Each structure stands twice: as C-alpha cells, then as structure tokens.
Amino acid sequence: NAGVTQTPKFRVLKTGQSMTLLCAQDMNHEYMYWYRQDPGMGLRLIHYSVGEGTTAKGEVPDGYNVSRLKKQNFLLGLESAAPSQTSVYFCASSYEGDLATNEKLFFGSGTQLSVL
Amino acid sequence: KNEVEQSPQNLTAQEGEFITINCSYSVGISALHWLQQHPGGGIVSLFMLSSGKKKHGRLIATINIQEKHSSLHITASHPRDSAVYICAVRYWGETSGSRLTFGEGTQLTVNP
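Chains A and B, in that order, give the protein sequences. Start counting the first sequence at 1; every next residue gets the next number (this note's numbering). Start counting the second sequence at 1; every next residue gets the next number (this note's numbering).
Read the hints as simulated data drawn from the structure, not as lab findings. Mixed in with the good hints, there may be bad ones.
As the list claims (entries may be wrong) - Taking lysine-lysine and the DSSO-like style, the derived pairs with C-alpha atoms no more than 30 Å apart in a straight line are: (1) B/LYS53 - A/LYS104; (2) A/LYS57 - A/LYS9; (3) A/LYS70 - A/LYS104; (4) B/LYS54 - B/LYS68; (5) B/LYS68 - B/LYS53; (6) A/LYS70 - A/LYS9; (7) B/LYS54 - A/LYS104; (8) A/LYS57 - A/LYS71; (9) A/LYS104 - B/LYS55; (10) A/LYS70 - A/LYS57; (11) B/LYS68 - B/LYS55; (12) A/LYS104 - B/LYS68; (13) B/LYS68 - A/LYS57; (14) A/LYS104 - A/LYS71; (15) A/LYS57 - A/LYS104.
As the structure is a computational prediction, the values presented were derived from the model and not from experiment.
Required output: the full structure, derived from the provided sequences and hints.
Okay, here's the thing in structure tokens:
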C-alpha cells in the first residue's frame, strides 16, 4: 500500500495564478483532511471530508476550495493564489475520525508552495 | 477553542538520555495524539490516547485527564529520534463541532 500520496511536492506560483493539489489514499478511509503548516504555528485545518461527495470548512478555509468526487481522492484548489498562502500543505486521512477510539491519522509527505 | 501548549519548544539531549516532552490543553478532550515529524517533513502518528498510558518500543505516552496534561517519554534516546514531536487534541466545540487542534511542536535533537 502506498498510504497517502500528495502531488506535487513543490510548486512556485505567481500571485493570481491557480493550482490544484491532489491527495490520494489507498486505505479505503472515509475521512480526509487538508492542513497547512506555517512557522511558529501548529497545523491548521483548511477543509475536510467525512465521505465521498461531502466537504466541510475547517479553521482557515478562505481562499481554498475542495472536492471529493471519489472516495480515494481529495483535491485542494487555489483559485487566485496570494502570498499569504505560501505554506507547507499536508493531506491526511483516517478510518473512523471524530470520537472513535481507534482513530489514527495518516499523513502525506507535504507540498511546499511558494506564492510570489 | 482548545489551546494546546507544548514544552519545551526545543530540546537537545545526549544519546542515551531519558527525554520528556509535555503537552497541556485547556478544555476537555475525547482523544490526544502524539505525532512525529521527520527532518524531511513527513508526519507519522505515534500514539492516540484517551486515558492512561501506552508504550511502543522506547516510546511511552501518558495522559492525565483531570490535569489536562500528557507526556511523551523516550527512553535510551538515539540520534535517529531527532525530529519534531507534535501533540494534537480532539475536542468538541459548541460552534465548530469535533475539532483536532495541534500544538506548535517540540524540536528534539539527540547528539551522539
């Protein structure tokens, strides 16, 4: 099993450009998440999904959109990139999520995004 | 919002030392995670705790629900343990629903 795969690993954008980050998991997980990690701050939730066809806003959703058309894929889109979106982005997935006692998080390797 | 505080922020140890990293949080939780972020950036889940203590190899995680505090211990530390250790808590917010809030992490460096 590959686990959680994120693409691309690195990207440089100009202000106003758009892009999509792809997250794919092969563990049949229901829950998928997009986080951003910035220096001096903990991981912050952008959007998440509790199943195919569902999405919900997290802590810092502005400027991002997501889609979960297939259970194994969770896409994060930036329609008009801004320098404030320069960050490291992590995708994660889990089987049971929320209050389940056996929740375990699996993370992708991260995407370093720079917006100039 | 649940505030998660980790201490220390940075920790340097000599190989073989016993290491403790602390995590405190402000409101009641349903679960607490300890994660390890490798120097290359990848994040791995180490433990998920809702009570008591868990052990895996040289790693031990404990949680005290009443004191809202958890500790991660590393026995016989090794340079390969050098990483950032992150605490995250799962709690229920009135307006936000179930949430996972992350600490800023503790940078551990183990010197040979």
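Going down the list of hints, with the structure as the test:
no.: 1; hint: B/LYS53 - A/LYS104; in the structure: holds (16 Å)
no.: 2; hint: A/LYS57 - A/LYS9; in the structure: holds (24 Å)
no.: 3; hint: A/LYS70 - A/LYS104; in the structure: holds (21 Å)
no.: 4; hint: B/LYS54 - B/LYS68; in the structure: holds (17 Å)
no.: 5; hint: B/LYS68 - B/LYS53; in the structure: holds (14 Å)
no.: 6; hint: A/LYS70 - A/LYS9; in the structure: holds (22 Å)
no.: 7; hint: B/LYS54 - A/LYS104; in the structure: holds (14 Å)
no.: 8; hint: A/LYS57 - A/LYS71; in the structure: holds (18 Å)
no.: 9; hint: A/LYS104 - B/LYS55; in the structure: holds (16 Å)
no.: 10; hint: A/LYS70 - A/LYS57; in the structure: holds (18 Å)
no.: 11; hint: B/LYS68 - B/LYS55; in the structure: holds (20 Å)
no.: 12; hint: A/LYS104 - B/LYS68; in the structure: holds (21 Å)
no.: 13; hint: B/LYS68 - A/LYS57; in the structure: holds (27 Å)
no.: 14; hint: A/LYS104 - A/LYS71; in the structure: holds (18 Å)
no.: 15; hint: A/LYS57 - A/LYS104; in the structure: holds (21 Å)
In this structure, none of the earlier numbered hints is contradicted; all agree with it.
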